[in-house]
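J.: Sequence:
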Amino acid sequence: MAYPMLESPLGDKYLYDGKFIDRDSIEAKEISVPTEEVTYYETIRIKDGVMLYSEDHLARLDKSVQGIEAFDVDVNKIGDDCRMFLKETGYANGYNGNLRIVLTKSHLLVHICEANIPTQEKFDNGINSLTLKWERVAPNIKVFRGDYKQAVADTFARENSDGHPYEIVLCDNEGKYYEGSKSNLFVIVDDKVYSAPDEKILLGITRNRVMNSLKNSGAELVIGTFTMDEMVKLRDEGHKVALFVSSTPFDILPIRRIDDVVFDSASNELLKKISSDYVAAADKYISEHRI
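The working numbering numbers the first residue of the sequence shown as 58 and each following residue consecutively.
The set of hints was computed from the structure by calculation and includes no laboratory data.
Worth double-checking, as some hints may not be accurate.
Listed below are the simulated DSBU-like cross-link pairs for lysine-lysine, each with C-alpha atoms no more than 35 Å apart in a straight line [stated by the list, open to error]:
(1) Lys190 x Lys70
(2) Lys272 x Lys330
(3) Lys206 x Lys134
(4) Lys134 x Lys144
(5) Lys290 x Lys341
Quick caveat, the model's predicted, so the values are computed rather than measured.
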């Protein structure tokens with residue numbers, strides 16, 4: 058399924074092939090219609106005007122290209138273009154949101170996009186989620202996939218007892234929970250943190266940083282997944298069970314509810330330690346990378 062290069066944009070200007078174009082320009086209209094070219098993308102969190110872990114995102118963008126079309130990607134030039142875009146548009150002055158890089162074999166687009174940044178209440182109490190049974194194909198190659206996007210959109214339109222979900226959690230054909238629709242999923246059981254095998258998930262940028270925070274918090278990482286029945290059984294047996302997701306748009310968020318099953322994730326002490334360490338590391342990165 059073909060998708061446009063320009064999707065969910067914010068702001069009056071975009072950077073297209075190294076030149077600024079206006080929102081109402083002919084070029085903007087042209088890239089708002091579906092293209093038949095393979096479209097690669099990265100969404101980078103902007104915090105206090107700084108692209109968070111941009112070097113990791115650009116390396117993954119190149120990896121996605123090499124996995125399909127294998128054309129040359131100048132990640133240094135793309136990074137310079139992004140910084141120039143932020144500076145010239147004023148977004149480098151304390152902006153909080155998302156920047157999207159969209160790349161085809163012929164074109165490069167940089168723009169600010171919609172960002173669903175969570176409120177403090179979601180960090181404090183946890184998020185609502187719903188289940189989607191879906192086996193992801195080549196999760197570490199970030200291209201637009203129409204069938205997956207539609208299935209996720211349909212699930213976001215559903216409700217449970219808490220209303221519409223903030224995130225969708227994927228389970229495989231065996232009912233094992235392994236990933237979020239736009240995030241990585243972790244399950245805490247006592248002092249262990251479980252994550253799905255690398256080949257099943259997108260090796261997210263935030264996930265790599267979360268791994269460092271796991272070590273700093275004294276948690277043991279275990280490769281493994283659970284069905285809902287298994288997680289509920291562990292919880293009911295008195296184990297300390299918590300779930301959280303990590304992603305560029307929202308860092309680390311506890312999960313309060315999946316479908317109609319409730320977990321007291323936000324009060325988990327190990328999760329609090331992991332989150333605190335992650336936030337401190339992100340703040341240090343921002344202070345060292347101001348434009």
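J.: Each hint needs a verdict: does it hold in this structure or not?
T.: How the hints compare with the structure:
1. Lys190 x Lys70: Violated: lysine 190 and lysine 70 sit about 38 Å apart, past 35 Å.
2. Lys272 x Lys330: Within the cut-off at roughly 11 Å; holds.
3. Lys206 x Lys134: holds (30 Å)
4. Lys134 x Lys144: holds (15 Å)
5. Lys290 x Lys341: violated (40 Å)
Of the numbered hints stated above, those contradicted by the structure are hints 1 and 5, listed in ascending order.
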